[in-house]
Structure formats: C-alpha cells, structure tokens
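Residue numbers (our numbering), protein chains in the order written: chain U, 1 to 251; chain G, 1 to 226.
Hint data in this document are derived by calculation from the structure and do not stem from the laboratory. Check the hints yourself; a few may be wrong.
Stated by the list, open to error - Listing some non-contacts, in silico: residues in chain G with all C-beta distances to chain U over 12 Å:
id : residue
1  : 3
2  : 9
3  : 12
4  : 40
5  : 56
6  : 60
7  : 75
8  : 76
9  : 79
10 : 81
What the hints assert, rightly or not - As a list, the in silico EDC-like pairs of lysine to aspartate or glutamate whose alpha-carbon atoms are at most 20 Å apart:
id : chain 1 : residue 1 : chain 2 : residue 2
11 : U       : 8         : G       : 211
12 : U       : 79        : U       : 35
13 : U       : 8         : G       : 208
14 : U       : 245       : G       : 128
15 : U       : 224       : U       : 7
16 : U       : 224       : U       : 153
17 : U       : 250       : G       : 128
All figures in this text were calculated on a predicted structure; none of them were measured in a lab. Note that CB positions come from ideal geometry on N, CA and C, so glycine has one too.
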Amino acid sequence: MGIRIAEKVAARMAKIQLELGGKNPAIVLECEDLDTAAQEIVAAAFLCSGQRCTALSRVIVGESQADQLCDLLSIQIAKIRVGNGLGPRTTMGPLVSQEQMTTVVGYVRKGLEDHATLVVGGRTLTEHPETDGYFYAPTLFDHVSPKSGLAREEIFGPVLPLIRVNGPEEAFEVANSTRYGLAASLFTGNPHLVNEFIQRVESGMVHVNHGTASQAHVPFGGVKDSGQGAFSIGPTVKEAFTNVKTVYIKW
Amino acid sequence: MARHQNYIAGQWVSAQSGDYYQSHNPACPSQVVGEFPRSGPTDVDAALASAETARATWNQTQAPQRAAILLRFSQLLLDLKEELARIITLEQGKALCESVGEVTRASAEAAFAAGEAVRLSGQTFPSERPGFTCYTVLQPVGVVVAITPWNFPVVSPVRKIAPALACGNTVVLKPASMTPWSAVYITSLLEKAGLPPGVLNLVIGSGDCGERLLSDARVRGMSFTG
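Okay, chain G solo, but in the shape it has when bound (with noise of 0.2 Å):
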C-alpha cells in the first residue's frame, strides 16, 4: 500500500503535521487503497503561496508553450488510462469500462482546453473619437482554487484544471478526500508533462482545507463541483 504526498511548489511533500488518513475499496471497505496527507491551514498556505509566487511567469508564458503542456498533458492520459481507471475504480468503484470513458473523456478536455490557449481573443471596436484604437484583451484572474467531488475523480479536476492553466492561471487544487489517488495521478502526469514548479499545487484533506481556500484573499478565482 503506498503512501501519497501533497504536491507543493513542485516538490512531492507531506502534511506539515506528518498525519496521513487511509482511503478504502468500496467494493470492499476492509481494503485499504492508500494513505494520503491529513493536511490543514499550514499546507494550505504554502500551496496558495507557491501559486502565487508562480503566478509571475506562468502569466507571462506564451500561449503555444501552454498549449503544448497540455497536449502532452492529454496524451499521457490516454497512453496511461489503463492504469489510471484502475485506480479510478479502486478508490470510486465505478465500473472499469466507465472508467477507461471517464479518462478518455478527460483527455479529449484537456486537447480541447489547449485550443484554447491560443484562441484566447478580443475584440476590436471602432472609435467615436479620431485616433483612437479600441479593443480588449482577455487576462488570468489568478490564482484559481478548483475543489472536486468523488463521483468522477480523473474529468472534474481536469475540467477545472486544464482550462485554467490555459488561460494563464496557477492552481490549487483540493480534491474530495474518498478520491485523492486520482487527482495525485493527474498531478504527476501534469509534472510529466512539463508544468513548471508551483502553477499546479495538490492539498489533500478534508473540507476543512476546503474552507480555509474559500476565505483568503489571494484566491481571485473559484470552480466547485459538488
């Protein structure tokens, strides 16, 4: 049985309390799947710092290097999905073949959020007054905080995720604490594929992270499912 760690400025790193909780099979409860970070205010805070910081660059990257990420992000899902499902079905209990669709779907997102990426458009207006140029751009809010169910624990982060970084935002991501596993996967395929230290960051943990996210003020940007 492993032991999964949270994933803070690019560094694979346990809870600053050092508790872990374990998640189990629901198919059979008795099976332990994996123990993963009891994570509180302290963790939280270095993830929202470590995006934060990374926030600089990460905005400044152009818009083709961001897309490529994700294609490559997206690839090393469906290369990887049969792994990943397994996981999938150990901690959530779905169905195997829903979950090898539940992965695929998450890759054909994460294509779709790379398009998106360059595609990120204004528009231009003509102006009322002589020499004048009118037109608007689209800008990342920020640091964006995506909180995620257990009923598809590979397409909610990915839908959040992808889209996100595309747009040039740094990330917190709080997955549901039954299905952390899979987020933790996500999160090294992301590493994998290229993402700089500090624009993903991983809390796992109960809804107490969850709060502690909702309430500060260097979070501009909010996507919960649930």
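In isolation and in its complexed conformation, chain U is listed as follows (with noise of 0.2 Å):
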C-alpha cells in the first residue's frame, strides 16, 4: 500500500510522508533485570491490542536467559484483564474487526503448524465475536523459527512470539531480517552492546532498556519499508510541510 501512494504521489513531485508498518525487535541479551524487562516488552506488545505500528511485535533472547524470560513474559500477560474498553478493570480491549481477529487466527494457526510451542493464549474469547465482541486472548509463542511468518511479518494483534539466539551476531542478524525498520529495543547490562545495537540495528528508533514508548517533541519514524519522508512529531516534522525557498539579493 504505502509504495504505490509513493509512486502515485511522487508522479506528480509531491511531497511525501509515510508512516508503514513494523517488525519491531525486543532484544535480550546480558539482562540484569529480566523481571523489569519482561514488564517493559509486555507493555509495548499487548498495548492497544497490538495494534500499534510501534509494538514490540517479536522477542530475540539469548539462549542462557531464555526459559526464565519466557517465565516472566507469562506472569506478565496473566495480569492482562481483557474487556470491554469502558469497563474500569479492563487493561486490554477487543480487535478492531472481524478482519483483524481472522488475521490474528490465521497467524496463529500457521505457527502450531510451523511447530512453534504456544505458551499462553492462541484463542478468541469469545464463541460468536461478530455479536459479542472482537476478543482475543494475549498470546505468546517460544521455539519461533526466525524464518517463519510469525517472526517475520506485522500481525497487528496480541501475539508476541519468542525466538531463541545463540549470542549477539545471531541477534543481530535476526534482528535485521525482515523488511521493516521502525523501532528495536535492547534489554542489557552490557554497555558494549549498547553501542553495537544503535551502530547496526536498522531502525529509525531504538530504545534501551525501556520498550518503544516515544514522546510528544522527539523525532518518529522509521526506515526501510517502514517510512519515507521526514520523520514526524518534533522539529524534523516541518521538512514534511515546508519547501525551501533560496533568496539572493542584489541591493
């Protein structure tokens, strides 16, 4: 979609922003606090149903720290009370539409198949979701082939799959394997990976130690097949709406 607005608009040397989607990372990798991480990656996963372009939308964890992380991710999404957005308890609304629950599913569905380990969730909660509501339970998979489409696409929905590395060039490598570049997050003590993520990570914003959270005056966007144009929100947003115009004068 966003590549064909880009050619139809710059037919005409139009000016052009885009804000398209993202694959975005959480890597773990060294933690020295995975309780705060796993609270951190379950905020930014499950906000908005997942349906943010922003969400962490696939976990990349090292191989030693693995089995616990997963461990907290679940305490984390258990505390996830699912419902009607009015009501004052819910922390977690329904989907959209019955378009995007049948995307969740299906993304769901293709992971059991593709031999992925379903941790938690992986259903509606609902029997008839056209009358009752768009319900779906927060998901997480463990095991995620990193070649597989829950790894690898924008699901938009609460599924939050884990994939296993063996150190930070597979992370790395993992990390940059999709078309997107929006936003990566590195959980770490070590502040020599701190450095190697924002040098190699390809990503119009990463965040470390925290979850991709942005804030109201600070440049936003992505690369790759995430965003063209200038970044938003903040001084960069006038390169969006303005032309320059050069003045010589002679006087």
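Using the hints, put the two standalone chains together into the complex.
Set out below in structure tokens:
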C-alpha cells in the first residue's frame, strides 16, 4: 500500500510522508533485570491489543536467559485484563474488527503448523465475535523459527513470538532480517552491546532498557519499508510541510 | 445515535449522494456508534477546492496567530479529554485509560506544533560576491492531505494536521472509515479554537476517497499512516 501511494504521489512530484508497518524486535542479551524487561516488553507488545505500528512484536533472546524470560513474560501476560474498554478494570480491549480477528487467528494457526510452542493464549475469548466482540487472548509463542511468518510478518494483534539465539551476532542478524525498520529495543547490562545495537540495528528508532514508547517532541519514523519522508513529531516534521526557498538580493 | 457530517469550507455538510454508513463498537459489534457520510468524488473535489481557496489567506496569516489557534486547540483537547477518550473507546475498542493517554498525548503534540509555527526559521549565508545578501526561508507546500489509520484515531490526525497548519498549509483530512467519530470531534475542536473556514476540511468515506486524493494535482503534500 505504502509503495503504491509513494509511486502515485511521486509521479506528481508532491511531497510525501509515509508511516507504515513494523516488526519491532525486543533484543534481550546479558540482561541484569529480566523482571523489568518482561514488564516493559509486555506493555509495549499488548498496548492497544498489539495494534500499534511500534508494538514490540518479537522477542529475540539469548539462549541462556530464554527459559527465565519466557516464564516472566507469561506472568506479566496473566495480569492483562481483557474486556470492554469502558470497563473500569480493563487493560486490553478487543481487536478493531472481524478482519483483524481473522488475520490473528490465521497467524496463530500457522505458528502451530510451524511447530512453534504455544505458551499462553492462542484463542478467541468469545464464541460469537461478530455479536459478542472481537476479543482475543494475549498470546505468547516460544521456540519460533526466525524464518517463519510469526517472526517476520506484521501481525498487528496480541501475539508475541519468542526467538532464541546464540549471542549478539545472531541476535542482530535476526533483528535485521525483516523488511521493516521502525523501532527496536535492547535490554542489557552490557554497555558494549548498547553501542553495537545503536550502530547495527536497521531501525528508525532504538530504545535501550525500555519498551517502544515515544515522546511528544522527539522525531518519530522508520527506515526500510517502515517509512519514507521526514520524521513526524518534533522539529523534523517541518521538512514534510514546508519547501525551502533560497533568496539572493543584490542591493 | 447521532448522524455526523463532513466539514467543508467551514460548513457541516452531508455527502453529495446523501448516503450514510454505520460504524460499530468492536466490543459489541451489534451496537451502532454513529452514522457517517459515504463520501464520493464530488465531496473530495469540494474539499480540495475549499482547501485551495483558503490557502491564499491562511499562508498570509501571521505565525503567532496560527500558533494561538493551535494552543487553544491543545487546551480544548485537555479540557474535553474524558469525553473524547470515551469516543475513541466506543469506536476503536481500546481500554479507556489508553484512550485518555492518547488524547493527552495529542494535546502535547499540538502544543509543540504551535511552537513550531514561530520557529520556521531559515538560514543566512555569507556571499561570494559583494553587495549580496543570501538566505533561505521556509514556505508552506500548499494543500496537504492527511490519511489516517484506525488504531490511533486522535493522535494520528493531530500529528499531521497540527504541524501542517502551523507551517501555513491548508488540509484535507480523510480518516479511517472505522474510526471517523474521533475525527469529527477533533475537527469541531479546531473550529471552536478559531480556525478559519476552509483551512481544514474533513471528508469521511472509504478508500475510494483516498484514491481520489492521491491523484489530484492540487495536492502538494501527502501524509499517510497505515
């Protein structure tokens, strides 16, 4: 969709600003506070039922910490209260439509066919979504292949795949292996990895030791298939909505 | 259940066809949250003509005046955040606490954009020839189209409209057809904040409207999220 829009608008030489999808990784390596990491990851993954372009939508974790992180993620997910958004205790509402529900159901089915391990969720929460609401259980998969659809495609729903890797090299390679480049998080206690992450991850926005929360005056945008044109929010947005005029005056 | 309208040239108007569609609550899909105009090419043309006409005066408005309107809009968002948050939750589904956060964030972004109106500065350059002054200025691109998604029905339109207006552009907003109510509300707040007629135009409808907006020569800037 974004590429088609870009082509049409470019043909008229008009300015364009595109904010598109993401498959945003949370990389967890040599992390000293896995409990906080799990809280941050779950918040960023399931806010808005995962229907955010900047949602953390895959976890890439070093094998040595994977079991513990998986348990902690499950504990945090169990705290999510799904229901009507107007309910006072609700922390996660429904998906927006039957179409979104069908997409999520399809990805979960495919994940199971690909032999990923379903840890929690993986089901609709109403028998008749078309009348009772498009509620879907927050879902976590473990042992997801980095080449699978769950790991590489934007689901735009409450489904979090966990990919196990052997060290930083593989983690960065997997992180960069999708067509997207919007946001990425690293959870670590190793400052050397922070520098590596900032340098090497192909992403418009990078976050260290927190989820993918942006701020109201700081540039926001993506690279690769995640966006084109000036970053929105903050001072960069002026580039999207103005033209430079150069003036020479001889007087 | 309310029936809502497009906003073109400072008037709340139905689609030329007179047709409406119903929008539903995703937490209870049998509940209709509102009726919205099913706009077509004629409505898009009217919105673009309005934006094109308003361009000549809006881009001559002094920057502090544009900033003042956006600051009033930012404050209105805060004043009415509970009401607008409820609309977000009804048409989009997200938890009310998230919707309140979205409106608060939209207010902050509008306030920042207001400040940018008075920071539209260029650069000066030393000349290689005597007697010359060389500098740059920033000028509005003209008519800007904002096409916005259903997942953030308040913050996404505000993120586009506010800076586009701050920079002196006029705007046609085409919100996602699943979440048009929030866009109607935002537009009414900008009207209350004192935005002159034609500077922001709202066209509600399906993707066909977006297609039309993509290909019209009057559109000099396009901001799309999806």
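### Query
Going by Cβ atoms, does residue 56/G stay more than 12 Å from chain U at every point?
holds (16 Å)
### Task
Evaluate the condition: distance from the CB of residue 3/G to the nearest CB of chain U exceeds 12 Å.
holds (22 Å)
### Query
Does the claim that residue 81/G lies outside the interface with chain U hold up, using a Cβ gap greater than 12 Å?
Per Cβ check, residue 81/G is outside 12 Å of chain U; nearest 14 Å; holds.
### Message
Just to be careful, I want the Cα atoms of residue 250/U and residue 128/G compared with a cutoff of 20 Å; is the pair within it?
### Response
holds (12 Å)
### Task
Run the C-beta distances from residue 40/G to all of chain U and say if the shortest one exceeds 12 Å.
holds (19 Å)
### Task
Confirm or reject the statement that residue 9/G sits farther than 12 Å, beta carbon to beta carbon, from all of chain U.
Holds: least Cβ distance 22 Å, greater than 12 Å.
#### Entry: residue 60/G non-interfacial with respect to chain U [C-beta, more than 12 Å]
Holds, since 15 Å exceeds 12 Å.
### Given hint residue 7/U paired with residue 224/U - CA-CA distance at most 20 Å
holds (16 Å)
#### Entry: Given pair status - residue 208/G, residue 8/U, alpha carbons within 20 Å
holds (14 Å)
### Query
Any Cβ of chain U at or closer than 12 Å to residue 79/G, or is the non-interface label fine?
With a cut-off of 12 Å, residue 79/G remains clear of chain U, as the shortest Cβ separation is near 18 Å.
### Query
Is the straight-line distance between the alpha-carbon of residue 79/U and that of residue 35/U 20 Å or less?
This hinted pair holds, its Cα atoms lying about 14 Å apart.
### Verdict on residue 75/G as a residue remote from chain U, using beta-carbon distances over 12 Å
holds (15 Å)
In terms of the numbered hints stated before, the structure departs from none.
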